[in-house]
Amino acid sequence: MQKTLFDKIWDSHLVIDNNHNEYAFDPSGPSLIYIDRHLIHEVTSPQAFASLKQVGRKVRRPNLTIATTDHNVSTESRSLPIVDEVSKTQLETLSRNCKEFGITIYDMTSPDQGIVHVIGPELGFTLPGTTIVCGDSHTSTHGAFGALAFGIGTSEVEHVLATQCLWMYKPKSFLINIEGNLTKKHAITSKDIILNIIRKIGTDGGTGMIMEYRGDMISELSMEQRMTICNMSIEGGARAGLIAPDETTFDYLRGRRYAPNESELDRLIEYWKSNLKSDENVKFDRVETINVDKLAPQISWGTNPSMVVDITDSVPSPEQFAKNDENKRKLAIRALQYMDLKPGTPMTHVHVDRVFIGSCTNSRLEDLTEASLVIRGKKVSPKVRAMVVPGSQKVKLQAEEIGLDKIFKDAGFEWRESGCSMCLGMNPDILLPGERCASTSNRNFEGRQGSGGRTHLVSPVMAAACAIEGHFVDVRDWF
Amino acid sequence: MEPFLDIESRLIPLDMTNVDTDQIIPKQFLKLIQKTGYGGFLFYDWRFDNSGNPKKEFVLNEPKYNERQILLTRDNFGCGSSREHAVWALYDYGIRVVIASSFADIFYNNCFKKGLLPICLSRDEIEYLFDLVKNDDAVADISLAKQTISISEKIIHFDIDLTRKKMLLEGIDEIGYTLSFDDKILNYEKASKIADYDKFSVKN
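In order, the protein sequence lines correspond to chains A and B. Sequence positions in the first sequence follow the working numbering and run 1 to 479. Sequence positions in the second sequence follow the working numbering and run 1001 to 1204.
Calculated from the structure, these hints are not laboratory results. Source: prediction; values computed, not measured. Wrong hints could be hidden among the right ones.
[Stated by the list, open to error] Chain A is faced by these chain B residues, among others (derived, beta-carbon under 7 angstroms):
1. Asp1022
2. Lys1027
3. Ile1033
4. Thr1036
5. Ser1082
6. Lys1113
7. Leu1162
8. Ile1175
We put the beta carbon where it would ideally sit given N, CA and C, even for glycine.
Taking the hints into account, I'd like the entire structure generated from these sequences.
Next up, the structure:
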């Protein structure tokens, strides 16, 4: 039988296959799948541990889980005390729980601390063909390695801690073929590709499905760029994104702390090469093809990640966006009002107050390097406050080793400590009501970056150029 | 988990699509370490202005919608962040059923862990219910056992997976249920040799 990459990972993780389950009272019920890798953080885990303790349950395999603190940590100097008492309690609770249950934690004092979806790959914890979960919707990021990776709620975090398994209804498969070539290499990024995909399929286009990205273009992307694409699969409604592993993936893994050693890895690579790809003629439940030949830098104008236009476009009217769907029209009217934008305004005329380069979507070394190309020798507009928040302590260190911090600081950017920061504003990094931000993060929902704040999603180079000019620009003109 | 009981209530019409979990429970309320106490923060930025005063125009602030247990909304409810706090906030506020034309996957899944019933209906049926709330504001009787919404002399049938229905009706402890298959999990672990992350070995 022909199988998709997803089918293959699914099949190799079935503890109880619902189709062959003598216990099943429900023939269309969920299967029990094994979870190889579990990431936890301070926000969605405390209630899971509390429930475990209440019932007196153990963590089944503490050495399949790692923890970090990322969501509400301050990005100010690590030597400063934590001012927010409630955040502090949450951070301390995670440390205490990890100690009690024997789970390794990379907390604020650790040189390996960072956003869960940055440190997982960085440590070699993320491996092809595995199942990976985390109480965070952007777990889809790890799909870039050909792992089945998806976000779960706190009850499921507890379930994985206690059983190392999850009950799951098998999702459908969605193939996204990416054709063509990017014309301006540095100016058009994988962020533009994924924003364009979500613009086309909508925020629920992938609901109930696993999206596999394929095409010559994908093979040419670095792991960092692949992670950006898989990261935002959830914004298209898909719980997971997948890219079949190849030489780029294998090269990335070599020498990482928890990646298998050389001889073991070589053996595994042979196995992965023959097993981790969709069969030639397999049929997907849905297929879409995107051509990137003429792709322009993408920018969001509204309050969900499908409200996106080309940088050369103007703010659309509700009618243009809605295409005869009354509910969408109402949504667009509300979004325009919230964003304080008038239809017909060229996107390049929109001014910003803040620029944020960071988040699990775009905070890796390559993202920062690319952004630095744009700002080298230039100054941030005096009307803009701009910050760079590296995804992990290691990214920060590597960036400093090649002098990126100096480039950013000389230009007038704040160079901060690692964490989720202004992507969701659980720490003090937030927008003030009415402030407008060019952000490399993943969600432009109302209030996401701070109550009343207005978010425009863009790539790191677009955000960097915007910081210099004080308004959005077509970054293709800069390369 | 408490078993799900039949619900008799009027509806709260939240006439919007794509309601994300950042709206259902904004991030500033995710710092608690308990599962309760979120009801007051439900839809916080929509319910209250910057000084914490109720915004009159928001549906939950209309006195006639107080104490209602059924939320009626549209496409893609619960999209975005995986925060289960969104379900806890709805439940804590008193909502027991959310009726929508579609749900985001993670939110939908999370509902069943708390005993909140998500009902998915066609867009036409949703439209009918919105009209009904506007015109005669009828009481709905929701029976999970029968999978029906009885309202204004009409009976609307809804689909739900059998396993999820059983979990809700019986208030089953899912972890306890899974652990009853411990032998299966052990067998899998023996056969697959999924290695600890710091001691990886090939899956045979």
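Violated constraints from the hint list, given by number and in increasing order: 4
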